[in-house]
Amino acid sequence: MARQTGIALTVAWLALRLLSMVLPSGPLAAALATTPEAVVERLHAGLQAIDRRFAADDRDGRRAATAELLAQTHDLEQMARLALGRPWRELDEAQRQRYLAAFAELSVSGYADNFVDIQGDRFETLESQPVSRGRVVVRTRLIPASGDPVAIDYTLKPDGDSWRIMHVRVDGVSDLALKRSQYSALLARDGFDALIEYIYAQAGVAESAPPPALAGPGGPPA
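Residue numbers (numbering that gives the first Met the number 0): 0 to 221.
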């Protein structure tokens, strides 16, 4: 299996913490998908399964299941670094751990809160296209029960015998680019603590201590 570091451990810990609170049953999905298209389709199927299983107001349940799903489909460490950009290099280890944990919480909330009441909607995979560095873009769209289709393009990177989502564009707009602009400006203007507070506010959860495995020496490498 691919080596897990940093955000992968953070998301796994987050999933286990939430799952211990609300889920009596086993994992949401089984073996890792082995093609880029399969990973994306697994994400889409998982989002629809979560929406079927949990009521719209059961945020804890939705977030727990979503955390498990993202731990299996996303490279959130890569996404977190891309969202922060150059300032990542200037953070000390403790700051990196806090930022990675905050980014994981925001990512979980983003999916859990936005993909609600989608049972009348359907996802459609359109095509996949190889790009640089061995990566693949999978182009999809969400076709709502009413309204216009939404284009969702995923960039995936190889990860052992599977693939991980590392970038998402919605109707041509990069969420990571938007975050990078916001985060760099906030960090420069108000400092690191203000950035973390902002991310947790966006996630709609309170900051909690990172798992012991991520605290102090022995965290993710630079």
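For the record, the hints were derived by calculation from the structure and aren't laboratory data. Note that beta-carbon positions come from the ideal geometry of N, C-alpha and C, so glycine has one too. Keep in mind that the hints are not guaranteed to be accurate.
[Unchecked claim] Cβ-Cβ distance ranges computed for the label pairs, FRET-style:
1) Pro129 with Asp189: 24 to 30 Å
2) Asp189 with Asp160: 40 to 46 Å
3) Asp57 with Ala200: 30 to 36 Å
4) Pro129 with Glu196: 19 to 25 Å
5) Ala54 with Val136: 30 to 36 Å
6) Ala184 with Asp112: 23 to 29 Å
Now for the hints, and whether the structure bears them out:
{"no.": "1", "hint": "Pro129 with Asp189: 24 to 30 Å", "result": "violated, 41 Å"}
{"no.": "2", "hint": "Asp189 with Asp160: 40 to 46 Å", "result": "holds, 43 Å"}
{"no.": "3", "hint": "Asp57 with Ala200: 30 to 36 Å", "result": "violated, 22 Å"}
{"no.": "4", "hint": "Pro129 with Glu196: 19 to 25 Å", "result": "violated, 40 Å"}
{"no.": "5", "hint": "Ala54 with Val136: 30 to 36 Å", "result": "holds, 34 Å"}
{"no.": "6", "hint": "Ala184 with Asp112: 23 to 29 Å", "result": "holds, 24 Å"}
In the structure shown, a violation is registered for the earlier hints numbered 1, 3 and 4, in ascending order.
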